[in-house]
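*Asks:* Start from the sequences and build out the full structure, keeping to the hints where you can.
Top line first, the protein sequences correspond to chains Y and R.
Residues in the first sequence are numbered from 1 upward in steps of one, following this note's numbering.
Residues in the second sequence are numbered from 1 upward in steps of one, following this note's numbering.
Keep in mind the hints are simulated off the structure, nothing from the lab.
Do not take every clue at face value.
[Stated by the list, open to error] Restraint-style ranges between C-beta atoms, simulated for each label pair:
1) V50(R) / G40(Y): 22 to 32 Å
2) K108(R) / P104(Y): 20 to 30 Å
3) Q106(R) / P8(Y): 29 to 39 Å
[Claimed, not checked] Over the 12 Å line for every Cβ pair with chain Y, so calculated as not near, a few chain R residues:
4) Q14
5) E15
6) K57
7) R60
8) L61
9) D71
10) S73
Cβ coordinates follow ideal geometry from the N, Cα and C atoms, glycine included.
Residues per chain, in single letters:
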Amino acid sequence: DAGITQSPRHKVTETGTPVTLRCHQTENHRYMYWYRQDPGHGLRLIHYSYGVKDTDKGEVSDGYSVSRSKTEDFLLTLESATSSQTSVYFCAISESVGASYFGPGTRLTVT
Amino acid sequence: TQLLEQSPQFLSIQEGENLTVYCNSSSVFSSLQWYRQEPGEGPVLLVTVVTGGEVKKLKRLTFQFGDARKDSSLHITAAQPGDTGLYLCAGARPGKLIFGQGTTLQVKP
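*Replies:* Next up, the structure:
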């Protein structure tokens with residue numbers, strides 16, 4: 001299994017609070033991704049990174065920001081959490097665009 | 001707008017039956033991946049297809065990439081309850097993957 005972890009694995013937070021999710025890899029892969037998975041929508045890309053300090057928006061980036069200061073860490077921040085951001089969040093890594101390895105997911109509930 | 005359309009979205013069959021899942025697009029992809037996801041876990045990569053017309057086999061699973069690299073299929077022979085899960089296709093675009101909405105497969109003993 002690819003060395004990829006996510007923290008926390010579960011979180012409950014209140015509307016309006018900031019939340020940061022962490023993805024950590026030990027594979028030294030160049031690309032890192034944040035997705036959210038919701039029923040009926042499959043996996044939707046939030047943001048991705050193609051190198052340290054190099055990031056770009058995905059299809060559902062509003063309300064989210066990311067940072068990658070080290071190869072191994074990719075942080076996803078919800079600036080002011082809303083109920084619509086209740087979801088399961090997956091981090092993924094890949095050496096090149098294509099085959100990706102996913103973390104175990106973070107289940108976020110915004111009340 | 002869904003760039004990758006998977007069909008069917010749900011499939012419930014008996015053990016031993018064959019099935020095919022389709023992944024279609026109007027766009028060309030440089031490669032296409034298939035993933036399988038079980039409840040509470042992240043997707044796991046099954047295969048990557050790169051060349052138009054390519055066929056890959058993984059035990060009872062056969063994956064095909066369309067000649068024009070716009071579509072793909074996954075065929076399972078003699079399905080078993082252990083095949084139950086969510087099957088996702090994903091196409092590679094510059095810098096990222098685009099996922100289909102998934103096919104939920106249930107194989108009943």
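*Asks:* Run every hint past the structure and note whether it holds.
*Replies:* Results for each hint:
1. V50(R) / G40(Y): 22 to 32 Å: 30 Å, holds
2. K108(R) / P104(Y): 20 to 30 Å: Given range 20 to 30 Å: holds, Cβ gap about 28 Å.
3. Q106(R) / P8(Y): 29 to 39 Å: 31 Å, holds
4. Q14: 26 Å, holds
5. E15: The claim stands: E15(R) keeps its Cβ more than 12 Å from every Cβ of chain Y (closest is about 26 Å).
6. K57: 17 Å, holds
7. R60: Its Cβ never comes within 12 Å of chain Y, the nearest being 21 Å, so this holds.
8. L61: 16 Å, holds
9. D71: Its Cβ never comes within 12 Å of chain Y, the nearest being 17 Å, so this holds.
10. S73: 18 Å, holds
Checked against the numbered hints above, the structure violates none of them.
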